[in-house]
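*Asks:* Chain G is already provided as a structure; the job is to place chain E on it using the hints.
In the order they appear, the protein sequences are chains G and E.
Quick note on numbering: the working numbering labels position 192 of the first sequence as 174, and the sequence is numbered without any gaps.
Positions in the second sequence are counted from 1; adding 108 to them yields the working numbering.
Source of the hints: derived by calculation from the structure; they are not laboratory data.
Glycine included, every Cβ here is placed at the ideal spot set by N, Cα and C.
Please note that a few of the clues may not be correct.
[What the hints assert, rightly or not] To be clear about the criterion: a stretch of chain G counts as covered by chain E if any three or more of its residues have a C-beta under 8 Å from a C-beta of chain E, and this derived list gives those stretches:
hint : region
1    : -14 to -2
2    : 59 to 70
3    : 99 to 111
4    : 199 to 207
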Amino acid sequence: MALLGEQVLNGITLGALYAMVAVGLSLILGVTEIVNFAHGELFMLGSFAFFMVYGPGVLPYWLAIVLTMAIMAAVGAAFHAIVLQRVMAKPLQVQLMATLAASIVIANAAIQIWGTTPRQVPTDYSRQLLHVFGLTVSSQRLLLLVGTVVAFGVLMALLRRTKIGKAMRAMAQNREACSAVGIDPVVVARIAMAIGGALCGLAGALISPVFQVYPGMGLLLTLKAFAVVIAGGSGNVAGAFVSAFLIGLAEAITAGYISSDYREVVPFAVLLLVLTFRPHGLFGRRVGI
Amino acid sequence: MTIFAANNDFGRGAAQEYRERFAELGVQVVGVEYFEQGQADYRPTLTKVKAQNPEALLLIMEAKDGAVFVRQFHEVGMTQRIFSRGSLVTAEFIEAMGTDVAMGEGIEEATLWALGQDPELDRLHQERWNTPPRAHGAMAYYAMHVLAAAIEQSGKTDRAGIREALAAVSVELPGLGKIEFDDYNQAHPNMVITRLEGGQVRLIQTLPTAP
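For reference, chain G alone in the conformation it holds in the complex (with noise of 0.2 Å):
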């Protein structure tokens, strides 16, 4: 039984890890109809701004996550203004060829500004282990889980009720629509990338004291994140949110019980069982976010 309750407590922190990520792509492409390939590149240098804000140790870490927010936040919008407005009405392929060859230019620019090595960012949180119930957690994983949780409840109130989340919603509905009753589509998408930008951020500064930071550090995160995206239901928010955790169960309860040959299998075997049965997600609706 204790068993049991470390594996669903692994598989919670784990469901944390990927519902970081997934929820700004899942936000962007809901928004912008875009899949931004690019998504784990903003991730890798939200990790690398939280190690150069973190790291030589002059911040306090709730300081330095606010700052790293703030830098992907800019570096979000700026990404929106460089890539996606340009390709927003091109067709899907060169929307998916510009978000990929964007991905390529950001990691090999890390690669040459902070070289393949990898960087830790150890906090005191990272360190520092919890014993409850006979389980052990560090406090840092107990933070990602309680910072994602926040995060998507702070996203949710300002999807639902400030005028630019409700544009946004909008915008994830009909476009043109938005268009016609002054709702400025390319204002929009930009500050929903901003947002997204500033959840990379989070993400990067949250995860990057259990894990490690560099260039290569989002491909596997971000691959799952597709996944748990589109088993949540392509561009909805609070699908994204539920099917992170899901899947993150999975994996530690096959690997605990299973094997971990099959880890890796399961969220992409879950995908395919949702496309199945569930062509527009489990929780899939036709629009919105």
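*Replies:* Only chain E this time, still in chain G's reference frame:
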């Protein structure tokens, strides 16, 4: 013993080889676990292995993954002895662990090259690049030495000439011993057992591998 290996040709091949050798030596292998390179979370597998309680772990793992693994190994409260075959008792691992390097205390590795085997190379690399040499980089450096010796010994610089010269080359390299290629074009450099002690690489034993 539980084996953790990268899910690629190197990891799977080495895990299979070790498994067979352990069986011959009467070492019980409790399980073999594979991971993807760059994986962020080892906790589910570590939790399972912790419950199986093996006496020791063998990690077939590079430094980058090893740094994440060893931190999480401590996080789940495991204390088993760690052996490795990859690059865990190296400058890369020490650098990747940073201030947490004590978590890797006592890891023992069997390797073809280690820091301290060739103090002159260590010194020159440190002076030129301000870092200790990397294991794979050092092996490439010696490969160039072997190539240069083949060219020097034969006096030939064309492709066929170098190939013939490599078949006949005989060169003594610091730490690695005498390098000569057998009928299968395989060299047999010395192996070395190393241990991480006080955040430093300590050479324990050099073992000849020549048949």
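*Asks:* Taking each numbered hint in turn, which are not upheld by the structure, reported in ascending numerical order?
*Replies:* Per hint list: single violation, 2.
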